[in-house]
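Use these hints to put chain B onto chain A, whose structure you have.
Number of protein chains: 2
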Amino acid sequence: MRESASTASSVASTPSGEPRLNRRQAAKVRTRQKVLDAARNLFAERGYEPATIRDIAKGAGMSTGAVFANFQDKAELFEAVLTEDMAGLAETMQKGAGDGSTRDRLVNALSAGYHGSIDQLPLFQAIVARSWFQPVAAETRQRAATRSLTDVIAGILRQGVAAGELNQDADVPLLTELTWDAYLSNYRRAAYDGWTVDQLARHIGRQVDTLLAGVATK
Amino acid sequence: MRESASTASSVASTPSGEPRLNRRQAAKVRTRQKVLDAARNLFAERGYEPATIRDIAKGAGMSTGAVFANFQDKAELFEAVLTEDMAGLAETMQKGAGDGSTRDRLVNALSAGYHGSIDQLPLFQAIVARSWFQPVAAETRQRAATRSLTDVIAGILRQGVAAGELNQDADVPLLTELTWDAYLSNYRRAAYDGWTVDQLARHIGRQVDTLLAGVATK
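Chains as they are written, first to last, in full-length UniProt numbering: chain A, 1 to 218; chain B, 1 to 218.
Any given hint could be a false lead.
Residues on chain B that point at chain A, a partial pick, calculated with CB under 8 Å [to be verified]:
| id | residue |
| --- | --- |
| 1 | Gly164 |
| 2 | Asp169 |
| 3 | Pro173 |
| 4 | Leu175 |
| 5 | Leu178 |
| 6 | Ala182 |
| 7 | Thr210 |
| 8 | Gly214 |
No wet-lab data here; the hints were simulated from the structure. Idealized CB from N, CA, C, for every residue including glycine.
For reference, chain A alone in the conformation it holds in the complex (with noise of 0.2 Å):
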């Protein structure tokens, strides 16, 4: 996860020719990543049922009203927090991938998905306790948040397939949930165990090779 580097002006000047915001928009749009930034800070530092919005109206000082000018309610900020922050670790994952095989590959992206997240454990801590006991809309919304970090395994064991280093017949979408399941799995070792992202990455490769031992082609 990662400290949000969107500033107003970044906004205001999108490259990708999006309307350019007037001053209360762009006034607005800081607002609310300030609240956003102090809301991540207090979640992953505190975890999601002890974070107050005194509190993180406090961090971002400013008052609990103009929190409530932004989100309805502490779930809807917690939800934003985790779709800036999944998005932009499926950014690192992406880009930590590089080359090679697509064992390398793929543990090359979750190591970098552990080097990006591991500073904020308590925040994904936090995530991953609340998808177990959330309304069914809250689940919707984090699964899609969710998306683009699998999104980045299957895309790599498609490459896979494509470049028959996996079985043609290799079943992606079970072999990404298995993956994705061990990968989240390991930061309970983070948490209780107290590794290091080097074991995390080490013990996510030998997982990798079990799951593609079964549909390698060599």
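This is chain B only, laid out in the frame that chain A set:
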């Protein structure tokens, strides 16, 4: 998970030669079990956070003081339910394995696990959610409780190696971990997608096929 079958009389006349409980001790065991059963029902109904000691006491037909005489706090009560249920579920899985190939025994055991726990799905969700955000000491105790389940998986895999159905160099701990991660993750399909036990069983079957594909000897 199960409704506990233990009663004061079965404890008092333990066949394993443990000392018989006197009347007062037996009453204490009965009370403790009543609290545990009421707590299990409430955790299964509401999840961990919203369940209160007050309502657990009410469900058990006793005062909150009587609950606290047996358990220090809600966390200890939750762990006691968890330990009892995991032990019961491990037994269910072990019996469910039956005869047949390693693959079939593993899938049968895990399917029996789903069958024996699906009626208390919210309790299971609460257990997993909590496992992501709890003190290390609680995590250590929870791992000990979960160990009985992963031991069933590991046992079946080891027998498969011994029988020559799996490669001699199969990494049993790693396969156990991947199988367990997949097994656990599937509960989310039941929680959010309404999957039935049959759907869960079919899915874990495909996952086990993928996991064993690289280590099966034929």
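Quick rundown of the hints versus the structure:
Taking 8 Å as the C-beta cut-off, the interface hint given for Gly164 (chain B) is violated, the closest approach to chain A being about 18 Å. With a least beta-carbon distance of about 11 Å to chain A, the hint placing Asp169 (chain B) at the interface is violated under the 8 Å criterion. The beta carbon of Pro173 (chain B) comes no nearer than 10 Å to any beta carbon in chain A, farther than 8 Å, and the hint placing it at the interface is violated. Below 8 Å, beta-carbon pairs count as interface contacts, and Leu175 (chain B) has one with chain A at about 7 Å; its hint therefore holds.
About 6 Å separates the beta-carbon of Leu178 (chain B) from the nearest beta-carbon of chain A, less than 8 Å, and the hint is met. Nearest Cβ of chain A to the Cβ of Ala182 (chain B): about 6 Å, under the 8 Å cut. The hint holds. At a threshold of 8 Å, the smallest CB-CB gap from Thr210 (chain B) to chain A is about 6 Å, leaving the interface hint in force. For Gly214 (chain B), the suggested interface contact is upheld, since its CB lies about 2 Å from the closest CB of chain A, less than 8 Å.
The structure is inconsistent with the numbered hints 1, 2 and 3, although it conforms to all the rest.
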